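Participant: What follows is the residue order along each chain.
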Amino acid sequence: MAAIVRLSSMCRRGVKPLFYQSPLLSRPVAALQRDHEQQHLPTARIHSSQALHGSDAKAASRHWTAERVLSVVLLAMGPVAYFSPGPVVDYSLAAALTLHGHWGLGQVLTDYVHGETKVKIASAGLFVLSTVTFAGLCYFNYNDVGICKAVALLWSK
Amino acid sequence: MSTFIQKCDLLKFPHYNALCRHVAPMGSTAKEEMDKFWSKNTRLNRPVSPHVTIYKWSVPMMMSITHRGTGIALSGAISAFAVAALVLPGNYSYYLDLIHSLSVGPYLIGLAKFGIAFPLSYHTYNGIRHLCWDIGKGFKIPDVYRTGYIVLGLSIITSLALVVM
Chain A
1 MAAIVRLSSM
11 CRRGVKPLFY
21 QSPLLSRPVA
31 ALQRDHEQQH
41 LPTARIHSSQ
51 ALHGSDAKAA
61 SRHWTAERVL
71 SVVLLAMGPV
81 AYFSPGPVVD
91 YSLAAALTLH
101 GHWGLGQVLT
111 DYVHGETKVK
121 IASAGLFVLS
131 TVTFAGLCYF
141 NYNDVGICKA
151 VALLWSK
Chain B
158 MSTFIQKCDL
168 LKFPHYNALC
178 RHVAPMGSTA
188 KEEMDKFWSK
198 NTRLNRPVSP
208 HVTIYKWSVP
218 MMMSITHRGT
228 GIALSGAISA
238 FAVAALVLPG
248 NYSYYLDLIH
258 SLSVGPYLIG
268 LAKFGIAFPL
278 SYHTYNGIRH
288 LCWDIGKGFK
298 IPDVYRTGYI
308 VLGLSIITSL
318 ALVVM
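Protein chains in written order, with my numbering: chain A, 1 to 157; chain B, 158 to 322.
For the record, the hints were derived by calculation from the structure and aren't laboratory data. Keep in mind it's a predicted model, so treat the numbers as computed, not measured. Don't be surprised by glycine CBs; every beta carbon is placed ideally from N, CA and C. Errors might be hidden in some of the hints.
To be verified - Partial selection, computed: residues in chain A whose CB lies under 10 Å from chain B:
1) A44
2) A81
3) C138
4) K157
Go ahead and model the full structure; you've got the sequences and the hints to work with.
Facilitator: This is how it looks when you write it as structure tokens:
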């Protein structure tokens, strides 16, 4: 039974088949007898599951951008820490370093850890590590000389 | 799972004509497909094909994994420092004096400083190189190699400068 189908109607928003650029014209779906002779021809399989909706749709993209923004901020903090050390820079450095490391290690996890349970365990472990790291750095900033002074002292020897 | 098969517009591009005539949606996400791949192959206990052990290593490859390695090392060092701050008794100056009193000798101190300075410099400079790629610059292979050598050179020079500072 023939029917007019647009590829975009089967695919949810956001699906772009590889190489496919131009907008799709409406085409009749192959009739039943034509389906059989077309079964053996190469078929490009595309992902057309339900796309994320609302705020979820751009989450990954925004995370990527946030990672780069944080990298630039951390880069700028180097000279700032050198020329005007102090508690504000100490705590900012603690936050930026920990978050940059947390996100970086998160990417390493994504690359090398597979399987739902393993990913969950590894992510939980990473979260604990980052939390403890941030806590430790803040403790050091509060109760001890602070990050900037610590580096200066270490290097003076 | 719907299995519509229809002729796709790709046919008007002659070189794609041979690749595929039809497009069929799969009804699963890329993540689901990847998870299926891994769970099936680990369940069947299949070995992974040799990849990094057989492919000829290139400078960009080595620099990329070094960027990752220095990142992990630096992060580990920061975490170790933070845990030490929480767990160890005494303050920072106490432990600095402890290291001083070891009287290790200038060369070993210089080596240790280089061991800290180099990963930091390399990761920073290569990080800038990464950020340039992120804005779309420097992808041509000659540029990849050129910027790579610049990063290596700058890292060594900066590390040496920091050591003698």
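Participant: If a hint holds in the structure, say so; if it doesn't, say that too.
Facilitator: Outcome of the hint check:
no., hint, result
1, A44, "holds, 4 Å"
2, A81, "violated, 13 Å"
3, C138, "holds, 9 Å"
4, K157, "holds, 6 Å"
In terms of the numbered hints stated before, the structure departs from hint 2 and from no other.
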